[in-house]
Amino acid sequence: MTSRQEAVTLGALRSPSFAALWLAQLASRFGDPITLVALAYVSYVQTGSALITALAVVIATVPNALFGMFGGAIADAVGHRRAMIVCDFGRVLLVGTVPVVLTLGLPLLVAYVLVFAAAVCGAVFNPARLALVPRIVSLRDLPAANSLIYSTDRTVEVVGAVAAGLLVASIGDRAFYVDALSFLASGLLLLRIPLGEDARSIAFRSLGRETLEGVRFLWGHAVLRANTLLSLACQLSIPVVSSLAPSLIFRRFAGGNAELGASLFGAAEAAIAVGAVFGGVYLGPRLAHLRKGRLILGGFAIYGLVLVTLALAPTFEVALLLFVLGGVANVVFYVP
Numbered sequence: 596m597t598s599r600q601e602a603v604t605l606g607a608l609r610s611p612s613f614a615a616l617w618l619a620q621l622a623s624r625f626g627d628p629i630t631l632v633a634l635a636y637v638s639y640v641q642t643g644s645a646l647i648t649a650l651a652v653v654i655a656t657v658p659n660a661l662f663g664m665f666g667g668a669i670a671d672a673v674g675h676r677r678a679m680i681v682c683d684f685g686r687v688l689l690v691g692t693v694p695v696v697l698t699l700g701l702p703l704l705v706a707y708v709l710v711f712a713a714a715v716c717g718a719v720f721n722p723a724r725l726a727l728v729p730r731i732v733s734l735r736d737l738p739a740a741n742s743l744i745y746s747t748d749r750t751v752e753v754v755g756a757v758a759a760g761l762l763v764a765s766i767g768d769r770a771f772y773v774d775a776l777s778f779l780a781s782g783l784l785l786l787r788i789p790l791g792e793d794a795r796s797i798a799f800r801s802l803g804r805e806t807l808e809g810v811r812f813l814w815g816h817a818v819l820r821a822n823t824l825l826s827l828a829c830q831l832s833i834p835v836v837s838s839l840a841p842s843l844i845f846r847r848f849a850g851g852n853a854e855l856g857a858s859l860f861g862a863a864e865a866a867i868a869v870g871a872v873f874g875g876v877y878l879g880p881r882l883a884h885l886r887k888g889r890l891i892l893g894g895f896a897i898y899g900l901v902l903v904t905l906a907l908a909p910t911f912e913v914a915l916l917l918f919v920l921g922g923v924a925n926v927v928f929y930v931p
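Going by our numbering, the letters in the sequence shown line up with residues 596 to 931, in that order.
Any given hint might turn out to be false.
Cβ-Cβ distance ranges computed for the label pairs, FRET-style [what the hints assert, rightly or not]:
#, residue 1, residue 2, range
1, Lys-887, Ser-765, 39 to 47 angstroms
2, Leu-761, Arg-846, 14 to 22 angstroms
3, Arg-749, Leu-790, 22 to 30 angstroms
4, Thr-698, Gly-815, 48 to 56 angstroms
5, Arg-889, Arg-820, 12 to 20 angstroms
6, Ala-614, Thr-698, 35 to 43 angstroms
7, Leu-790, Tyr-877, 31 to 39 angstroms
8, Val-653, Arg-886, 31 to 39 angstroms
9, Leu-701, Ser-765, 23 to 31 angstroms
10, Leu-776, Phe-812, 43 to 51 angstroms
Hints listed in this document are in silico derivations from the structure and should not be mistaken for laboratory results. Even glycine gets a Cβ: it sits at the ideal position worked out from N, Cα and C.
Work out the full structure: start from the sequences and follow the hints.
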C-alpha cells in the first residue's frame, strides 16, 4: 500500500461512524465460521450421519443465497443501521440459545431452526452494511472505505475459519457462545453510529413484481438467458459440495475423530478463503482482458476438476491445496 493509499484509508477510519461500522463487521464476520463448524461438529457427534452433517451445513449457509435480495429490501425499508442492530441482537439470542438447547437434550431440529433463523438475519445484515457505508463517509473516502471493508472481510474470513476449528475442537458446542458474543460486540458498536433513519412499509408485492420483471428481461435476451441458466445450474451444485466437505473431512482425514475433524474443517474453510483472496487480488486484474464467457466457463471447468480430484485426495495436505485452488476458481467464475 502506498503512502497516499494509507493516508486515504486512515482518512476513512478517522470517521467515528465508519470506524464503528468497520469494527462491527469485523466482529460479526469473525464469528460467522464458528456456527458453521460448530453445527457440523454437533451434527456428526450426535448422529454420525454424513447426510445430517451435510444438511447442517446447508442450513447454516443457504439462507444468505435464498434471502439475500429480500434482505436488502427489508434493510432499505427498516433503515440500514436499525436493521443491522436488530439482526445482531437477534443473533445473540438465537445463536446463544443453541448450546442451551443441546444441553437440555432437545431434538437437533430445534438447533437447526435457531441457526436457520440466525442465517436469515445474516441475509439482512450483509446488504445493509454495504449500503450503510456511503451514508457515513465522504465521497472522497468512499473508495478507500469500500476497499477496507472488502479486504478485512476476506482476511477475517481466513482467521475466523481457523479460530472456529480450534475453538470447536477445544470447547465443543460452547463455541456457539463465542459467536453470540461477536454479534453482541457488533451490535453495541453499531449503537455508537449517530444516524437518523425513517422506516417505511415493506412492499413485498412490489418487490415480487420487480423480481418478475427482472426475470422477463433476462429471459428475453439470448446471451443473458444462457449465462443465467448455466450459472444457476453450477451455483446449485456448490452448496451440495460445500455440505459434503465436512463429512469427507471427518471420515477420511480425521478418522471419525470429531474434534480433529472440526479443526481440519476450519482449516479447509480458511484455505478456500485464501484462494479467493489470491484470485481476487492477483488474478483479477490479469484476467480482465479475457473474454468473459470463456473465463466463466473456464472457471467452472477448473472448479469441477478440483472437486473430482478432491474426492481422490490421498492426504489432507493434498486436499488443503485443492481447497485453495477451489477458492481461486470460485473467484474466476464469480468476478466476471
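Structure-based check of all given hints:
1. Lys-887 / Ser-765: 39 to 47 angstroms: Since Lys-887 and Ser-765 have Cβ atoms about 45 angstroms apart, the given range 39 to 47 angstroms holds.
2. Leu-761 / Arg-846: 14 to 22 angstroms: holds (21 angstroms)
3. Arg-749 / Leu-790: 22 to 30 angstroms: With a Cβ separation near 26 angstroms, Arg-749 and Leu-790 satisfy 22 to 30 angstroms, so the hint holds.
4. Thr-698 / Gly-815: 48 to 56 angstroms: holds (55 angstroms)
5. Arg-889 / Arg-820: 12 to 20 angstroms: holds (18 angstroms)
6. Ala-614 / Thr-698: 35 to 43 angstroms: holds (38 angstroms)
7. Leu-790 / Tyr-877: 31 to 39 angstroms: holds (36 angstroms)
8. Val-653 / Arg-886: 31 to 39 angstroms: holds (34 angstroms)
9. Leu-701 / Ser-765: 23 to 31 angstroms: holds (24 angstroms)
10. Leu-776 / Phe-812: 43 to 51 angstroms: The hinted range 43 to 51 angstroms holds for Leu-776 and Phe-812, with Cβ atoms some 44 angstroms apart.
The structure meets every hint from the earlier list without exception.
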